[in-house]
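Colleague: So the chains spell out like this:
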Amino acid sequence: MSSVPTAPLASPADPAQVEEPPIRQPMSGFRESLHFALRNKKLLYGLSMTTALLLFAIIGPLIAKHAPLAYGGRLSLAPTTRDGYWFGTTLQGQDVFAQFVTGLRLAFIVGALGGGIAAVIGMVIGFTAGYRAGIVDEVLNMLTNVVLVIPTFALLLVIAAYLQVRGILMEAVFIGITSWPWAARALRAQTFSLVSREFVDMARLSGRSSRQIIFKEIAPNMSSYLFMMFILLFGGAILIAATLDFIGLGPSNTISLGQMMQLSVQNAALQLHLWWWFLPPGLAIMALVGSLYVMNVGLDEVFNPKLREM
Amino acid sequence: MKRIWRGAALGLALAALAATVLSTAASGGGKAAFAGYPRSQTLITSGTQWGNIAGTNPYTGNYATGMVGLVNETLLRFDPLKGKYIDWLAKSARWSGKKQYTIVVRPNVKWSNGKPFAGKDVAFNINLGRFTTAFWNNLYVNVKHLAVKGDKVVVTFKGTPNYIQWQNLMWNLPMINPTQASTIKSAQQLTTYSPKVPMGTGPYTVSAAGFDPTTRVVYVKNNKWWAAAAHVSPSPKPKYIIDLVNTSNTNSLNAVLAGVEDLNNNYLPGVNQLVDQHKVSTYYPTKPYMLSANTAWLEPNTTRAPLSDPVFRRALAMAMNVGQIVSQDYTHLVRPASPTGLLPTWNKYVDKAAVKKYGFKYNASAAAKLLKAHGYKLSGNYFENKNGSPINLDLSVPQGWSDWETARNMIVNSAAKAGIKITVKVKDYNTWASDRNTGNFDLVIDNNYQLSDNPWTYWNGIYHLPIIKGGTGQTFANFERYNNPTAWKLVQKLDHTSPANTKQIRSLNDKLQTILMQKLPMIPLWYNGVWAQFTSKYWTNWPSAKSSRRYVPAMWRGYLQMTGIDVITHLKQK
Amino acid sequence: MARYFLRKLVVYALTFVVAVTIDWAIPHLMPGNPVNTLMGRIQIQDPKVAHQVYEHYMRAFNLNLPLWKQYWYFWVSLFHGDLGTSILQFPTPVMSIITHAIPYTLALLVPAIALSWYAGNKFGALAARRKTLDNTLLPLGYTLTATPYMWLGILLVWVLAVIWHVFPVGYAYDPTAVRGFTWPFVSNLAYHWFLPFLSLFLVAFGGWAIGMRNMIIYELESDYAHYLGALGAPHRLIRKYAFRNAMLPQITGLALALGAILGGALVTEIVFSYPGLGYQIYRAITNEDYFVIQGIFLFIIIGVLLANFIVDIVYLIVDPRTRIGMEGGRS
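Residue numbers (my numbering), protein chains in the order written: chain A, 2 to 311; chain B, 324 to 897; chain C, 3 to 333.
It cannot be assumed that every hint is accurate.
To be verified - Calculated pairs, SDA-like style, for lysine to any residue (alpha carbon to alpha carbon, straight line, at most 20 Å):
{"#": "1", "chain 1": "C", "residue 1": "K50", "chain 2": "B", "residue 2": "K519"}
{"#": "2", "chain 1": "C", "residue 1": "K50", "chain 2": "B", "residue 2": "N461"}
{"#": "3", "chain 1": "B", "residue 1": "K508", "chain 2": "C", "residue 2": "V51"}
{"#": "4", "chain 1": "B", "residue 1": "K792", "chain 2": "C", "residue 2": "E57"}
{"#": "5", "chain 1": "C", "residue 1": "K10", "chain 2": "A", "residue 2": "K42"}
{"#": "6", "chain 1": "B", "residue 1": "K610", "chain 2": "A", "residue 2": "L273"}
{"#": "7", "chain 1": "C", "residue 1": "K50", "chain 2": "B", "residue 2": "G793"}
{"#": "8", "chain 1": "B", "residue 1": "K602", "chain 2": "C", "residue 2": "P68"}
{"#": "9", "chain 1": "C", "residue 1": "K71", "chain 2": "B", "residue 2": "K860"}
{"#": "10", "chain 1": "C", "residue 1": "K133", "chain 2": "A", "residue 2": "R40"}
{"#": "11", "chain 1": "B", "residue 1": "K519", "chain 2": "C", "residue 2": "P93"}
{"#": "12", "chain 1": "B", "residue 1": "K740", "chain 2": "A", "residue 2": "G73"}
{"#": "13", "chain 1": "C", "residue 1": "K50", "chain 2": "B", "residue 2": "S509"}
{"#": "14", "chain 1": "B", "residue 1": "K860", "chain 2": "C", "residue 2": "K133"}
{"#": "15", "chain 1": "C", "residue 1": "K50", "chain 2": "B", "residue 2": "F458"}
{"#": "16", "chain 1": "C", "residue 1": "K50", "chain 2": "B", "residue 2": "K860"}
{"#": "17", "chain 1": "C", "residue 1": "K50", "chain 2": "B", "residue 2": "Y590"}
{"#": "18", "chain 1": "B", "residue 1": "K792", "chain 2": "C", "residue 2": "V316"}
{"#": "19", "chain 1": "A", "residue 1": "K42", "chain 2": "C", "residue 2": "L140"}
{"#": "20", "chain 1": "C", "residue 1": "K10", "chain 2": "A", "residue 2": "N146"}
{"#": "21", "chain 1": "A", "residue 1": "K42", "chain 2": "C", "residue 2": "T145"}
{"#": "22", "chain 1": "B", "residue 1": "K792", "chain 2": "C", "residue 2": "I165"}
{"#": "23", "chain 1": "B", "residue 1": "K860", "chain 2": "C", "residue 2": "P141"}
{"#": "24", "chain 1": "B", "residue 1": "K602", "chain 2": "C", "residue 2": "V164"}
{"#": "25", "chain 1": "B", "residue 1": "K602", "chain 2": "C", "residue 2": "I165"}
{"#": "26", "chain 1": "A", "residue 1": "K42", "chain 2": "C", "residue 2": "P93"}
{"#": "27", "chain 1": "C", "residue 1": "K10", "chain 2": "A", "residue 2": "A190"}
{"#": "28", "chain 1": "B", "residue 1": "K740", "chain 2": "A", "residue 2": "K42"}
What the hints assert, rightly or not - Ranges between beta-carbon positions, derived for each pair:
{"#": "29", "chain 1": "A", "residue 1": "R75", "chain 2": "C", "residue 2": "N64", "range": "32 to 40 Å"}
{"#": "30", "chain 1": "C", "residue 1": "V12", "chain 2": "A", "residue 2": "A68", "range": "53 to 61 Å"}
{"#": "31", "chain 1": "A", "residue 1": "T52", "chain 2": "C", "residue 2": "K133", "range": "22 to 30 Å"}
{"#": "32", "chain 1": "B", "residue 1": "N704", "chain 2": "C", "residue 2": "H58", "range": "34 to 42 Å"}
Unchecked claim - Taking beta-carbon pairs under 8 Å as the criterion, some of the chain C residues facing chain B (in silico):
{"#": "33", "residue": "V51"}
{"#": "34", "residue": "V55"}
{"#": "35", "residue": "Y56"}
{"#": "36", "residue": "M60"}
{"#": "37", "residue": "N64"}
{"#": "38", "residue": "P93"}
{"#": "39", "residue": "I99"}
{"#": "40", "residue": "T101"}
For the record, the hints were derived by calculation from the structure and aren't laboratory data. Glycine residues also receive a C-beta, built at the ideal position from the N, C-alpha and C atoms.
This is chain A alone, in the form it adopts within the complex:
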């Protein structure tokens, strides 16, 4: 059986997935990975950018001088050091900095929660399908197909429009339960290959129970894969949430980056040259999601020795 390495997942927008799994050298230990991790430029860049934004998101709301939704500032103020309006104000006199850091925080929450839920569902379904095979696989495969085919974005629109009060939690949950299919497919393929490998057959022969096989033999090999998947789902969730917010289906009682984009556009920020309202949210999303993707590629190189030379 020829082996073709699994494609590193380019992005959730185009998850180029092959049905066949990689040949992975058995993990020669955490230390080796760490050694290469510290030398991988992409990983370092991605990690440092993501961490920087995370710190900003944590500290930002604490140092902001105004509540994100409070009125009272001078209208359409350009960024200034006075009064703590470091990012200026909106057309209605709200503090852009406070809104920005609040939105950034929400982006992390949505990404982690939405990506996490999708990863868990994808893992459970993909893994069960790959391990059990047979009729279970067929059924789960059909389930995956159905959810794949349904235009999830349009579905999200409908669901979000149905909710009266929308919270960030609900948004993350819905994104999570609609973006798992391709993760499930990839994990299923990965499981297939691992299950048919010699060392699993050996374990079976030696009488280990299924559970032990799963946790001791298969899981460690999958964990790195799973982690990279999670990162991609994280980034994807942020993008989907931003798009939903932009259309007006975002959380009701707070402000997110996508909503900032929406409101700035609606309130003629571009025509009135209020660039400080329009640019930061988009740039933040680009930076955050971009660094996550780069980090992902770096991780792939770390875990897959064959890529390390490039």
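With chain A's structure known, arrange chains B and C on it following the hints.
Modeller: Just chains B and C now, with coordinates in the frame of chain A:
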């Protein structure tokens, strides 16, 4: 070898595409390249048509903007700034007896196919009111007899006529062509009637070739328009009028700034800055920039405690910081409302003495004092009901109406300062509307009743009875469920007062205002504007407060036949 | 082979039924009654009359029937090609709304997907070979694929249309254009189409380029590539095989990516006022226009199923292992 051919073919296709795009870009957007409607002779408008154009039915549905006014005209028109009716298709239309209304059709008015417009056409149109889906059906049931004699139509009523409503109908009922409309034989067909090229008496006709339901409706000038021939109105200069389907405020603003649209009737936040920079123009050159179109009210559900207590409603009114809403939310594109809620064009109806006596002003501490003096107790930061239960009112606006959402938030804040607790409830438009209609709310912001010829339309909206319990609830009026039979009787009496009896009219209007200010079943907040911004890239001589052209520049339904037509007929080519 | 296709067809048919059922169910689970909206437009004053008209519309839209009956009628009319009447744009039939909108959406989607896929793969493959190209393409690719579609769209409009008047601000064609199969009109259409197409293309391009680049690198590092190299095969041959193998996941990826690009097309249409399906479904959702929502969803479902099927066939042609595997053998 094959790969080379494939590559070449693809490369060629891409090159062709690129060439097309770049050449059109280079030739200035294809202006010279296509034989389209000449831009300098076309008036392009937008701002009324949200969503696809459903057809040309002039009564209901998402019909093409401009149908009533450009194609189908009305017997009279109304100038809200002068407060006068304009004789239009009717040479005269007036009360000729206690229960009689006589319409004399103007001579030499022609349909777009050249045939004359006569009294029988008027009768046909009024008689369409027999269908339950006609919006004037409730007036029609009171008609005893319609007599047509050439150009004269005499309408006889069964009981006392609804003077005000009938007069209002005269400038709102579009005259459609009886031959074309002979297919209307049922109530349902009245709502689905939608001819491809509707025949009217107006200055323009619909171009079937240019019509694109997702994008635009194109009107072509009718060179034989009766009003131009009779010198009743200047002949309009635009040979074509194109109204574009709205998609978003941003695109509208971009289009106006780029000269793609001449007149836009959307609410464009921040447009005041652009007016100050002389990039667009509005009716007033400085605040309030726009004429006033309707009143935005805080609508309380008067059947629920403590909103059932007029004293509480008064305190609530006094806790509204409308100034903040006007200056920060709307950047002075709107005006604060008078305590009567009557639009500025109805100033002559305002009882100034009563306003002094019963009007209210923003004063949070006075509001709190008022509540304390009337038995409400503070518990912590907020007042409680008289029976001790906490007060927590919900306030909702349709989701996505961002200016109202901001106003709503500001109201919550300012009410809190007076000790009144209000919580925001988010609802999508349909839920919001059906909750409002069925009385499933505490507070909403609403702006139902438009600029019209008589404040009676406001009183009708505020005091209308009966209040419908269950089912779909209120359909068009009295959403605040205010049950005041005395006031309603006065409203009906006003409608039954002959226009000659000016004394009674004045006294009834005064009484109704006073009741409003004393009881505050609705709390007037601000006046929304007739949103209108225009550029002079292709057309000049727009209306302005400083000129003699004091016209309302709106293509909105119900507004075009006011003085919107005059805006168009006075435009000059640049 | 026949068994393979039969299996596939059964799966797709089942998927279709389930997806269509979900499609029918969700708009009906939305709160609010669309007939109330319609009534709000007519504004009848007499409550008795209002009630009559209300009942009439409920009957006209089958909304007074029990849910299971509505579901049954849905399937029946589906096979008659009747998707109902729009409530917001009463009395326009849903089919007419869709047929007016679909050309615009297809005009955006098909070239954007095809060209971005093709160009992305080509550039990605090139980048895998040349370090200099790789150093510029990689960061560019990541930036593009991480950009929210609508943000890029708005920036493009702002810079290219409002500041520099190179392209139009939106719409499908110039408001003063006369429609017809004339060269001037077609070129005008292309001129207005370009910016929305570009914003979709750029974001998608980034993703494909990166994916392909990484795939090629993998392939070049695989056993068979090294083996061929050891045998002395020319680089071109190795790259040819590597390219072929790398294409496989990209093909599957195409079907999977449809959903995301569709979402991107939706917001792009809103930004550019491009009158396609995306804009229509957005309006339908905000106005609870049941039948339009269902109709457009249906079209999308059918389209995606078709695309999946085509991809399956293409994959079968391209990858011999799948064929053998599907017939039960092991490669």
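Colleague: So, for every hint listed, does it hold in this structure?
Modeller: Evaluated hints:
| no. | hint | result |
| --- | --- | --- |
| 1 | C/K50 <-> B/K519 | 33 Å, violated |
| 2 | C/K50 <-> B/N461 | 11 Å, holds |
| 3 | B/K508 <-> C/V51 | 18 Å, holds |
| 4 | B/K792 <-> C/E57 | 17 Å, holds |
| 5 | C/K10 <-> A/K42 | 44 Å, violated |
| 6 | B/K610 <-> A/L273 | 18 Å, holds |
| 7 | C/K50 <-> B/G793 | 13 Å, holds |
| 8 | B/K602 <-> C/P68 | 57 Å, violated |
| 9 | C/K71 <-> B/K860 | 57 Å, violated |
| 10 | C/K133 <-> A/R40 | 19 Å, holds |
| 11 | B/K519 <-> C/P93 | 14 Å, holds |
| 12 | B/K740 <-> A/G73 | 15 Å, holds |
| 13 | C/K50 <-> B/S509 | 18 Å, holds |
| 14 | B/K860 <-> C/K133 | 52 Å, violated |
| 15 | C/K50 <-> B/F458 | 14 Å, holds |
| 16 | C/K50 <-> B/K860 | 52 Å, violated |
| 17 | C/K50 <-> B/Y590 | 36 Å, violated |
| 18 | B/K792 <-> C/V316 | 62 Å, violated |
| 19 | A/K42 <-> C/L140 | 13 Å, holds |
| 20 | C/K10 <-> A/N146 | 11 Å, holds |
| 21 | A/K42 <-> C/T145 | 17 Å, holds |
| 22 | B/K792 <-> C/I165 | 56 Å, violated |
| 23 | B/K860 <-> C/P141 | 44 Å, violated |
| 24 | B/K602 <-> C/V164 | 13 Å, holds |
| 25 | B/K602 <-> C/I165 | 14 Å, holds |
| 26 | A/K42 <-> C/P93 | 61 Å, violated |
| 27 | C/K10 <-> A/A190 | 18 Å, holds |
| 28 | B/K740 <-> A/K42 | 56 Å, violated |
| 29 | A/R75 <-> C/N64: 32 to 40 Å | 56 Å, violated |
| 30 | C/V12 <-> A/A68: 53 to 61 Å | 57 Å, holds |
| 31 | A/T52 <-> C/K133: 22 to 30 Å | 28 Å, holds |
| 32 | B/N704 <-> C/H58: 34 to 42 Å | 51 Å, violated |
| 33 | V51 | 5 Å, holds |
| 34 | V55 | 6 Å, holds |
| 35 | Y56 | 6 Å, holds |
| 36 | M60 | 11 Å, violated |
| 37 | N64 | 16 Å, violated |
| 38 | P93 | 5 Å, holds |
| 39 | I99 | 7 Å, holds |
| 40 | T101 | 11 Å, violated |
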